[in-house]
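Line order of the protein sequences matches chains A and B. Going by our numbering, 356 is the number at position 356 of the first sequence; the sequence numbering is gapless. Going by our numbering, 391 is the number at position 391 of the second sequence; the sequence numbering is gapless.
Note that these hints are calculated values from the structure, not bench results. Any given hint might turn out to be false.
To be verified - Among the chain B residues that face chain A by a calculated CB cut under 8 Å, a handful are:
1. Ala98
2. Gln108
3. Asp112
4. Thr252
5. Asp332
Said to hold, decoys possible - Now the in silico label distances, taken between C-beta atoms and shown as ranges:
6. A:Glu396 - B:Gly360: 56 to 64 Å
7. B:Arg378 - A:Thr178: 51 to 59 Å
8. B:Arg82 - A:Gly383: 46 to 54 Å
To be verified - Partner residues aside, some chain A positions facing chain B, computed with beta carbon under 10 Å:
9. Leu23
10. Asn64
11. Leu65
12. Arg102
13. Pro226
14. Arg227
15. Val339
16. Ala340
Yeah, the Cβ is synthetic: ideal placement off N, Cα and C, and Gly gets one too.
Number of protein chains: 2
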Amino acid sequence: MTNDTVSVKPVQHPSATISPAALRWPRGFRTSVGAAAIKKAGRDDLALLSMPMGATAAAIFTRNLFAAAPIEVSRRHLKDSRGHASALILNSGCANAATGPRGLSNAQEMVDAVSLALGCAGESVLVNSTGVIGVQLPMDRIAPEIAHMAARLLSGAVDASHQDSLEPFARAIMTTDTKPKMSARTIDCGGGRHVHVAGVAKGAGMIRPDMATMISVLATDAEVDPRTLDRILRHAADASYHRISVDGDTSTNDSVFAFASGTAGACDETVLAQAFREVACDLAKMIVCDGEGFERSLSVRVTGAASRADALRVAETVASSLLVRTAITGGDPNWGRIVAAAGRAGVAFRPSDLELRVGGILIFRDGEPCPADRDLVRAAFNGSHVDIVISLGASEGAEAEANSDTFLSCGLTTEYVRLNADYTT
Amino acid sequence: MTNDTVSVKPVQHPSATISPAALRWPRGFRTSVGAAAIKKAGRDDLALLSMPMGATAAAIFTRNLFAAAPIEVSRRHLKDSRGHASALILNSGCANAATGPRGLSNAQEMVDAVSLALGCAGESVLVNSTGVIGVQLPMDRIAPEIAHMAARLLSGAVDASHQDSLEPFARAIMTTDTKPKMSARTIDCGGGRHVHVAGVAKGAGMIRPDMATMISVLATDAEVDPRTLDRILRHAADASYHRISVDGDTSTNDSVFAFASGTAGACDETVLAQAFREVACDLAKMIVCDGEGFERSLSVRVTGAASRADALRVAETVASSLLVRTAITGGDPNWGRIVAAAGRAGVAFRPSDLELRVGGILIFRDGEPCPADRDLVRAAFNGSHVDIVISLGASEGAEAEANSDTFLSCGLTTEYVRLNADYTT
Numbered sequence: 001m002t003n004d005t006v007s008v009k010p011v012q013h014p015s016a017t018i019s020p021a022a023l024r025w026p027r028g029f030r031t032s033v034g035a036a037a038i039k040k041a042g043r044d045d046l047a048l049l050s051m052p053m054g055a056t057a058a059a060i061f062t063r064n065l066f067a068a069a070p071i072e073v074s075r076r077h078l079k080d081s082r083g084h085a086s087a088l089i090l091n092s093g094c095a096n097a098a099t100g101p102r103g104l105s106n107a108q109e110m111v112d113a114v115s116l117a118l119g120c121a122g123e124s125v126l127v128n129s130t131g132v133i134g135v136q137l138p139m140d141r142i143a144p145e146i147a148h149m150a151a152r153l154l155s156g157a158v159d160a161s162h163q164d165s166l167e168p169f170a171r172a173i174m175t176t177d178t179k180p181k182m183s184a185r186t187i188d189c190g191g192g193r194h195v196h197v198a199g200v201a202k203g204a205g206m207i208r209p210d211m212a213t214m215i216s217v218l219a220t221d222a223e224v225d226p227r228t229l230d231r232i233l234r235h236a237a238d239a240s241y242h243r244i245s246v247d248g249d250t251s252t253n254d255s256v257f258a259f260a261s262g263t264a265g266a267c268d269e270t271v272l273a274q275a276f277r278e279v280a281c282d283l284a285k286m287i288v289c290d291g292e293g294f295e296r297s298l299s300v301r302v303t304g305a306a307s308r309a310d311a312l313r314v315a316e317t318v319a320s321s322l323l324v325r326t327a328i329t330g331g332d333p334n335w336g337r338i339v340a341a342a343g344r345a346g347v348a349f350r351p352s353d354l355e356l357r358v359g360g361i362l363i364f365r366d367g368e369p370c371p372a373d374r375d376l377v378r379a380a381f382n383g384s385h386v387d388i389v390i391s392l393g394a395s396e397g398a399e400a401e402a403n404s405d406t407f408l409s410c411g412l413t414t415e416y417v418r419l420n421a422d423y424t425t
Numbered sequence: 001m002t003n004d005t006v007s008v009k010p011v012q013h014p015s016a017t018i019s020p021a022a023l024r025w026p027r028g029f030r031t032s033v034g035a036a037a038i039k040k041a042g043r044d045d046l047a048l049l050s051m052p053m054g055a056t057a058a059a060i061f062t063r064n065l066f067a068a069a070p071i072e073v074s075r076r077h078l079k080d081s082r083g084h085a086s087a088l089i090l091n092s093g094c095a096n097a098a099t100g101p102r103g104l105s106n107a108q109e110m111v112d113a114v115s116l117a118l119g120c121a122g123e124s125v126l127v128n129s130t131g132v133i134g135v136q137l138p139m140d141r142i143a144p145e146i147a148h149m150a151a152r153l154l155s156g157a158v159d160a161s162h163q164d165s166l167e168p169f170a171r172a173i174m175t176t177d178t179k180p181k182m183s184a185r186t187i188d189c190g191g192g193r194h195v196h197v198a199g200v201a202k203g204a205g206m207i208r209p210d211m212a213t214m215i216s217v218l219a220t221d222a223e224v225d226p227r228t229l230d231r232i233l234r235h236a237a238d239a240s241y242h243r244i245s246v247d248g249d250t251s252t253n254d255s256v257f258a259f260a261s262g263t264a265g266a267c268d269e270t271v272l273a274q275a276f277r278e279v280a281c282d283l284a285k286m287i288v289c290d291g292e293g294f295e296r297s298l299s300v301r302v303t304g305a306a307s308r309a310d311a312l313r314v315a316e317t318v319a320s321s322l323l324v325r326t327a328i329t330g331g332d333p334n335w336g337r338i339v340a341a342a343g344r345a346g347v348a349f350r351p352s353d354l355e356l357r358v359g360g361i362l363i364f365r366d367g368e369p370c371p372a373d374r375d376l377v378r379a380a381f382n383g384s385h386v387d388i389v390i391s392l393g394a395s396e397g398a399e400a401e402a403n404s405d406t407f408l409s410c411g412l413t414t415e416y417v418r419l420n421a422d423y424t425t
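Here chain A stands alone, though its shape is the one from the complex (with noise of 0.2 Å):
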């Protein structure tokens, strides 16, 4: 894929190695799922994170007016706390979203259910859900569940091995994604220090910038004061998070939440960042690729535009055209699509500047197209992967280079119609 923004390659530092590294917790972090039968019986639901020692805490959350109830008493917390969380409690199954004061008071209970088990304030617990819209939580289960995965987390009932691994965190807050989704990085500090960076994430539908009923948990061993966490979140979210679509529409749970431990001491914050990004980008290409549906992913670069804002709202338009992402799924060399829906984006650019690249192959110059090889502009449709670069001709050289961005999104398929014409029913 050559999208170097949602891609990131791994870079060197100086004074730091950052290189992939194994799907587990960092130190400083335990947890415990649980089945509460909240939307399917029989299996995991409800995930709960423990920071023992305490941890700093960051989180961007929603922006839709419906933010779910949860989403309202996290927000809460971490203002309260300012920065600082001891423990996360998520469910799949039921958004509690639309719930009125019920919602509210059910996603408090979780809560505070949570403190009462691990014996932490209230206001040290952050808390969230995903799923359906305006259903109410089942909380005659879902409270004495909390309980029991309190309790197996507390004496170290769950063995070390299931512990560590960030598979059944993952697995227990999946909706209809059909995939654990979790990266992670170790950052070498020398002398034989290793900070650690992991995440986890769930995706499959209501993906769009600003995010989605996406929810994802990123967490490090490193110490960072809230304020450089919300630093460092907030630019990883903005080159992985905030540059995919499945579908355009925001959902009310959307969250990303950072959690530093602090046990491993300090690190660079620009190395950590980077690897903040890295597992974030890989998160996020995750989400996309496991979007509902899923056949084949298409990455829209545009360069040369008048601003970077510009080519962020030409890639985002022609990435989200519903003729476009059809085309995709087809693998059907209709590029027509795609330079019309570059030509609605509201952007100024002249239309006869406009170059169109698909999988390296030039298709559009000078307002028409260009003779190229049919079979190989069939073959650059028609792989896992659609590669789109779009020069405007808006700006030149270093220039065209700094007003540029990417963007990923996934054909549109019958199955994802058919996932998502039946979903409460």
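Based on these hints, arrange chain B on the given structure of chain A.
What follows is chain B alone, placed relative to chain A:
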């Protein structure tokens, strides 16, 4: 359909009465269709409209930067003629968009062929195309066919009933439309004098506000000056074509043309505007209900916004949401997606003030679901039309009514995806 924007009720005007009329062209118009095998052999794909005594003319064109070559020609001619025309030539099967200088000269050649054959000035001929983008027109077949069409028209070889009917013209401009789209009204001006207003349209894909691969032609035998005709056309388009969406993409070739032959004499502007609006709303509804893969329509009426623009923005966001549109297809009462879409429209309101009704049933109020009969709710989501009404509670009484707008769309179906995944191939 409780949809007071797109569905306009006939009004009684003191001086005149509007009533449905036969689907024929008004006096002062003649048509001829032809087959040039532009995309497929054996079907009509050229449509010629002739105004032998001349006509005043107005048009609305796409705002896409990649406006097709014929749009460029028509725009210029309409300006040069100061709103007069004596012919319009349309083709389906090829959009002549993103085709560079050769495309422009082909559009000009179509105009020249009409001008030569009908003996009228080149600048009095308008032209447009619809179909695949980025492909050149087969001028070797089109130019001679235009000559034949004009000859048939002039010689009267077309029998009178066929000549007058809207249907051959409406059929010749179809692409993936499954039905020709036609509507007409008669205005009884009193004293035995009648004015006729008729229209045809093609729609199917790439439909969204500010128009799409939509082409519509409205014609009247009333006497109207170009400025008034332009005003009447914009008023009609605003209530119809600009309030519908099939897939959120605008195309390179969108256009609505209006012509007035003057044969029937003057008509009160208000009455004539109302008749134009009724015809345009009929056609807009037909476009949505013949959207690619159409199964079920939906209307979203938003009232009580802080402004009418806010109402439109929420209505359009909800009506265009993929998650809402797939739920509608599934007859799935997943109303949470409706409030979630309203919440991300970028319009300020208090979530606890929002009221949602579907098929007249109150579903959501005071920030939480209302107790509603499950079977009734399911039935409201399962009719041939789903009627969504959202009150934002940001204004009250007469102001709430004024700050309202309605948007029309349709369920997103697997058939839509199938059709669009394989359009050029």
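Evaluation of the provided hints:
1. Ala98: holds (5 Å)
2. Gln108: violated (16 Å)
3. Asp112: Where the cut-off is 8 Å and the nearest Cβ of chain A is about 21 Å from aspartate 112 of chain B, the hint is violated.
4. Thr252: Since chain A brings a Cβ to about 5 Å from threonine 252 of chain B, closer than 8 Å, the hint holds.
5. Asp332: Holds - the Cβ of aspartate 332 of chain B comes within 8 Å of chain A, reaching about 5 Å at its closest.
6. A:Glu396 - B:Gly360: 56 to 64 Å: Since glutamate 396 of chain A and glycine 360 of chain B have Cβ atoms about 59 Å apart, the given range 56 to 64 Å holds.
7. B:Arg378 - A:Thr178: 51 to 59 Å: For arginine 378 of chain B and threonine 178 of chain A the Cβ distance comes to about 29 Å; the hint is violated.
8. B:Arg82 - A:Gly383: 46 to 54 Å: holds (53 Å)
9. Leu23: Because about 31 Å separates leucine 23 of chain A from the closest Cβ in chain B, which is outside the 10 Å limit, the hint is violated.
10. Asn64: holds (4 Å)
11. Leu65: At 4 Å from the nearest chain B Cβ, leucine 65 of chain A passes the 10 Å test, so the hint holds.
12. Arg102: Given a least distance of 7 Å, the restraint on arginine 102 of chain A holds.
13. Pro226: Violated. Min distance 28 Å.
14. Arg227: With Cβ-Cβ at 28 Å, over 10 Å, it is violated.
15. Val339: For valine 339 of chain A, the interface hint holds, since the closest Cβ of chain B sits about 5 Å away, which is under 10 Å.
16. Ala340: holds (5 Å)
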